[in-house]
Amino acid sequence: MAYFAKLKYFRQLSDGASLNKPGNNRLIGYCVAYVVLIVHLITGIGESQAVLGYSIYSNTDISFISYFTVYLLSVTLTAPRLKELPLNYKTRSRYILANLYIVIAAFAILAMAVWITIYECLRAFYPVEYFSTQNSTYAVENIYPGINAYLVIFFRMIVVPACAIILSRLRGKKLWLGSIVFVICVIILAYMPVLVLDSMAGRGGIYQVANSNALFAIDILPLGWVYVVVYALLTVAVVVGSIAIVFKNEHPSEL
Amino acid sequence: MNALEIRNLTVDFGDFAIRDMNLDIKRGAVTGLVGRNGAGKSTLIKTIMRQQPAMGSILYDGKRFAEHEVEILSQTACVFDSPHFSLNVKIKVLKRAFAALYPKFNLQMFDELCAKFNLPQDKKINKFSIGMQRKLCIIIALCQSPELLILDEPTSGIDPVDRAEVVSLLQQFMLDENHTILFSTHITEDLDKIADYIVMMENGKILLDEDKITLTERYRLVSVGQMTDELKAVAIGVKENAFGYTFITDKPVEGEGIVTKVPTVEEIFVYLSNYSLG
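Chain order of the listed sequences is H and U. For the first sequence, the numbering used here assigns the number 7 to the initial residue and increments by one for each residue that follows. For the second sequence, the numbering used here assigns the number 5 to the initial residue and increments by one for each residue that follows.
The reader is advised that the hints may include incorrect statements.
What the hints assert, rightly or not - Once the Cα atoms are required to be at most 27 Å apart in a straight line, the calculated BS3-like pairs of lysine-lysine come out as:
#1 Lys-89(H) with Lys-50(U)
#2 Lys-96(U) with Lys-67(U)
#3 Lys-131(U) with Lys-96(H)
#4 Lys-50(U) with Lys-179(H)
#5 Lys-12(H) with Lys-128(U)
#6 Lys-14(H) with Lys-99(U)
Claimed, not checked - Some chain H residues well away from chain U (every beta-carbon gap over 10 Å; in silico):
#7 Leu-19
#8 Phe-74
#9 Ala-85
#10 Arg-87
#11 Pro-92
#12 Ile-122
#13 Lys-179
#14 Leu-181
#15 Val-235
#16 Ala-243
#17 Lys-254
#18 Ser-259
Stated by the list, open to error - Chain U stretches covered by chain H per the calculated footprint, using a threshold of three residues with CB under 8 Å from any CB of chain H:
#19 102-116
#20 121-128
#21 186-194
#22 253-262
For the record, the hints were derived by calculation from the structure and aren't laboratory data. Note that the Cβ used here is the ideal one computed from N, Cα and C, for glycine as well.
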């Protein structure tokens, strides 16, 4: 308990006012860009069809809420006050990362618990067979997520806010480059199951997207697990990167 | 022994820079840092507190920061020009946080000083006036039991009665001969009371670094009705007013109609700044 109390006090001493500094205007940019991206993905690619057709629970990407929370907290934890505490940089970095990853883990576990409960209850009450009897041209195999989709959603809950830790520590050109790479990766990862895996399966990406939930297709495609592995590796890489950048940033200069 | 040894310090912002600065802050003394707005005082303090990237070297009590990080940080406390902690908490919450993270935090002293300065501990910090927030910052810094206390404009915004109390607290702090204060201020009246050394900055450079007694003994403030060529040759920072001219000088001047007196730190600062600006 003492450790968690120290983490709380460490967070309390960070400078909340740092969020109001001019450099953090970019946060508004992130909010707008990311929300636009999410809305585009939801409304533009099948989701609207799915909502009208078979998708019972929309696969809305709520990881962006975690992203913004972690971004704000991460910026706060760069507060100058924390560099005055009588801690060495390794302890300070560990406190920072513990605070951030507790939030990330709590959000991921909570979101997964809600998701799994909802989907599995729906599956129990409205099995796939129920939809098969309806008069529709749409396929129903991927109306519910399987283990692959659950894993990917869980990884996304980790990797997206972990990116926020990295981006909150970048400045200038590196920040711009990092932001562009981040948005491109979000788009690629959102399209990948349908444009790559689904096409590889010979079913035609667009057809599958229009049918139902794109992400859930990875549970019925032969190479769907590849997507899970890629996402897992990416998650590990980004988490390691976020740890490395915090330690690097907190390391005292040779001055 | 110096509390701080700054060598070849360079901080470059493009439009403003501190270049190759060398400065020693004597241990057991109060050093007043004066300069106009934008002279580089806050930049220097932020650099000393490792919050500003820079080149050069700073030794803390003869030690390098990278090798003695925790030791140096536990012996140093700083009051910046704005509070460096969340304002959206009550003082008692902040007290617990500082007590948990600073092993030498003096809780009894904290309670006594909060009572003395009328700072209720069950009130949120953002409900206090700027002056009260500054007093709280000073109390927190003192309660960390530091050996080196760095203050950036600590008394600005504080009413005269409390300012006198704060200066008195700093004088008490200096009763321990191992304690050191680096004190940046515009209120040079405070420096007249407690400073042992004066460092004057202008445009990122040190104009003057002298002990206060030598400084005030060296210069004289001169008032004269007419400027002669002899006076012009020795005058520093000449100002014209309705009655004639005033300036400071480090050379002896005598003559009819010439009035001299010992200048205050503020007068030395004003005339030297005037001189350096041409």
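Hint consistency between Lys-12(H) and Lys-128(U) [alpha-carbon to alpha-carbon, up to 27 Å]: Distance of about 21 Å is within 27 Å: holds.
No chain U beta carbon within 10 Å of Ala-85(H)'s: violated (7 Å)
Chain U versus Ser-259(H) - minimum CB to CB distance exceeding 10 Å, so not interface: violated (6 Å)
Beyond 10 Å from each Cβ of chain U, as asserted for Ile-122(H): Ile-122(H) clear of chain U: closest Cβ-Cβ about 36 Å, beyond 10 Å.
Coverage criterion applied to the segment 186-194 of chain U (partner chain H; beta-carbon cut 8 Å; 3 residues): Answer violated; 0 residues pass the 8 Å Cβ test.
Check on Pro-92(H) being off the interface with chain U, judged by Cβ distance over 10 Å: violated (4 Å)
10 Å cut-off, C-beta based - Arg-87(H) kept clear of every residue in chain U: violated (4 Å)
Chain H covers the segment 102-116 of chain U, three or more CB atoms within 8 Å, holds or violated: holds (count 5)
8 Å C-beta criterion, at least three residues: is the segment 253-262 of chain U covered by chain H: violated (count 0)
Hinted pair Lys-14(H) and Lys-99(U), Cα distance within 27 Å: With a Cα-Cα distance of about 13 Å, the restraint between Lys-14(H) and Lys-99(U) holds, given a limit of 27 Å.
Chain U versus Leu-181(H) - minimum CB to CB distance exceeding 10 Å, so not interface: holds (16 Å)
27 Å Cα cutoff - pair Lys-50(U), Lys-179(H): Measuring from Cα to Cα gives roughly 25 Å; hence the hint holds.
Hints 2, 3, 7, 9, 10, 11, 18, 20, 21, 22 from the list above are not met by this structure, while the remaining hints are.
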